[in-house]
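Enquirer: Residues per chain are reported as follows:
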Amino acid sequence: MIGIVTYGSYIPIYRIKTAEIARMWGDKPEHPEKGLGLLAKSVPGYDEDSATIAVEALRNALRRKDIPGEKIGAIFVGSESHPYAVKPTASLIAEVVGAYRAHAADLEFACKAGTAAMQNVYSMVKAGMIDYGIAIGTDTSQGQPGDALDYSASAGGTAYIIGKENVIAEINHTVSFVTDTPDFWRREGQRYPSHGGRFTGEPAYFKHVMSSAKMLMEEAGTKPEDYNYVVFHQPNGKFPYRVGKRLGFTNEQIKPGLISPYIGNTYSGGTPTGLSAVLDIAKPGDRIMAVSFGSGAGSDAFDITITDNMESFNREAAPKVMDMVNRAKYIDYATYLKFRRMIVEVD
Amino acid sequence: MVVPRFWRERRYRYSLIGTRCPVCGTIYFPPRDVCPKCGRESVGKMEEVQLSGKGKVYSYTVVHQNVLGYKYQKPYVMAIIETPEGPKLTGQIVDVDPEEVHIGMPVHAVFRRIAEDGKAGIIQYGYKFVPDKE
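For the record, the sequence lines run as chains A and B.
To convert, note that position 335 of the first sequence is 335 in our numbering; the numbers rise steadily by one, no gaps.
To convert, note that position 76 of the second sequence is 76 in our numbering; the numbers rise steadily by one, no gaps.
Hint data in this document are derived by calculation from the structure and do not stem from the laboratory.
Here the structure is a predicted model, which is why all the values come from computation and not from measurement.
Think of the CB as a built atom: it goes at the ideal place given N, C-alpha and C, for glycine as much as any other residue.
There may be inaccurate statements among the hints.
These stretches of chain A come out as covered by chain B in the derived footprint (C-beta under 8 Å, 3 or more residues) [said to hold, decoys possible]:
# : segment
1 : 45-51
2 : 55-62
3 : 79-93
Here are a few chain A residues that sit away from chain B, every Cβ distance over 12 Å (derived from the structure) [as the list claims (entries may be wrong)]:
#  : residue
4  : I13
5  : D27
6  : D180
7  : P193
8  : T200
9  : K207
10 : R246
11 : I281
Bound-form chain A, shown alone (with noise of 0.2 Å):
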């Protein structure tokens, strides 16, 4: 059986509200909520960056199970918000545990990295090479202030480890989805993303988790009914509700892995902190279903089953993902743009 084995997850306290960005912006303050179903976004403090976001999830993962740094084989780490252009993120989540003997690298496929690297810790299992492995989602996402995204651009991070032994939440199966998709985009050297408007929606996101989601499915032999819960990937509010609505799940199903609308989308740490969310919850023998979506563009689909391990796994030793989101300290535009680093010095 292949599987998690722990799991943490950690939101910065920091919320600007939607109502907020609007007033700086001009915009109605409840247009975020009425058009994106965003109430607020998470931000990081200012001495906070993807890559201690994800030291703090994993150290709520070992909270919970502690996993000896000489027993972890790889270590990736997905974000399209890295501290530096070159020198990895994985290097110092393997000094920070320990884990010497590892294979690390850092994956970046916009908000789908930290599924992907979810997926090449399961294949490194799976195939008798590693033991145990860490995948780690985690962002600091940028939005250009006074655009579409600014109200959604967030911060946050999930840490799995991911074997084969005292395995909380058995992987059944996953697959994926890819196409070249001129969604979203950042050039090299560029401060801000762009993207292609249009895109964002029908081929971009609705295709692409859609695609995976069926295809799953179909190789897994299972129905929406099957399902306890389903986490899509969640750039604002709304798409969740609508790409579940048509691939037939119930609101129900989506709403406990649906958490952006209080803390915006963590991009990376979208999709991987929604499931948190739900393991948060779940009973021995709930299925899960979990699909994210990453522009440019992909999208990596999950079949997840809890198993009888949960019982006695100690989820109370980390804070949970609401506990966190109700954890919040609400700062104004100018703060924000402060703590984001925003702010044009004159010599």
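Given the coordinates of chain A, assemble chain B onto it according to the supplied hints.
Expert: Below, chain B without anything else, positioned relative to chain A:
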């Protein structure tokens, strides 16, 4: 802090690794090669030990000065943290309003950016503290 020194100290800055004297049991952070109490008896015998990261505020101050690199964080709180293992650590308390901080406040260590060497230099990571629920 220059790159070689940061590199030498990375393990204890990242993971709060100190040393314990096997003769008298005293724990030191930052790590020491020799126990000042036991002298030569401890030479070559000091053992590495990882601190739990838990602690209480022993004393603190709120910095309002424009210290280089901290302009965007002021006012910020610097504190001496008393750990259950014994050593007292100096560190910043973050994610807190300065008026909430008090002596005896329980805290735990978190992983944060400590400093960065300009826009092109190395980023130095290490421990800071955040309040625990009381």
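Enquirer: Next, verify each hint and record whether it holds.
Expert: Evaluated hints:
1. 45-51: Held - the segment 45-51 of chain A has 6 residues with a Cβ nearer than 8 Å to chain B, which meets the minimum of three.
2. 55-62: Check passed, 3 qualifying residues.
3. 79-93: holds (count 3)
4. I13: violated (5 Å)
5. D27: holds (27 Å)
6. D180: holds (33 Å)
7. P193: For A:P193, whose nearest Cβ neighbour in chain B is about 20 Å away, the distance exceeds 12 Å, so it holds.
8. T200: A:T200 clear of chain B: closest Cβ-Cβ about 32 Å, beyond 12 Å.
9. K207: At roughly 38 Å from the nearest Cβ of chain B, A:K207 sits farther out than 12 Å, so the non-interface label holds.
10. R246: holds (40 Å)
11. I281: holds (21 Å)
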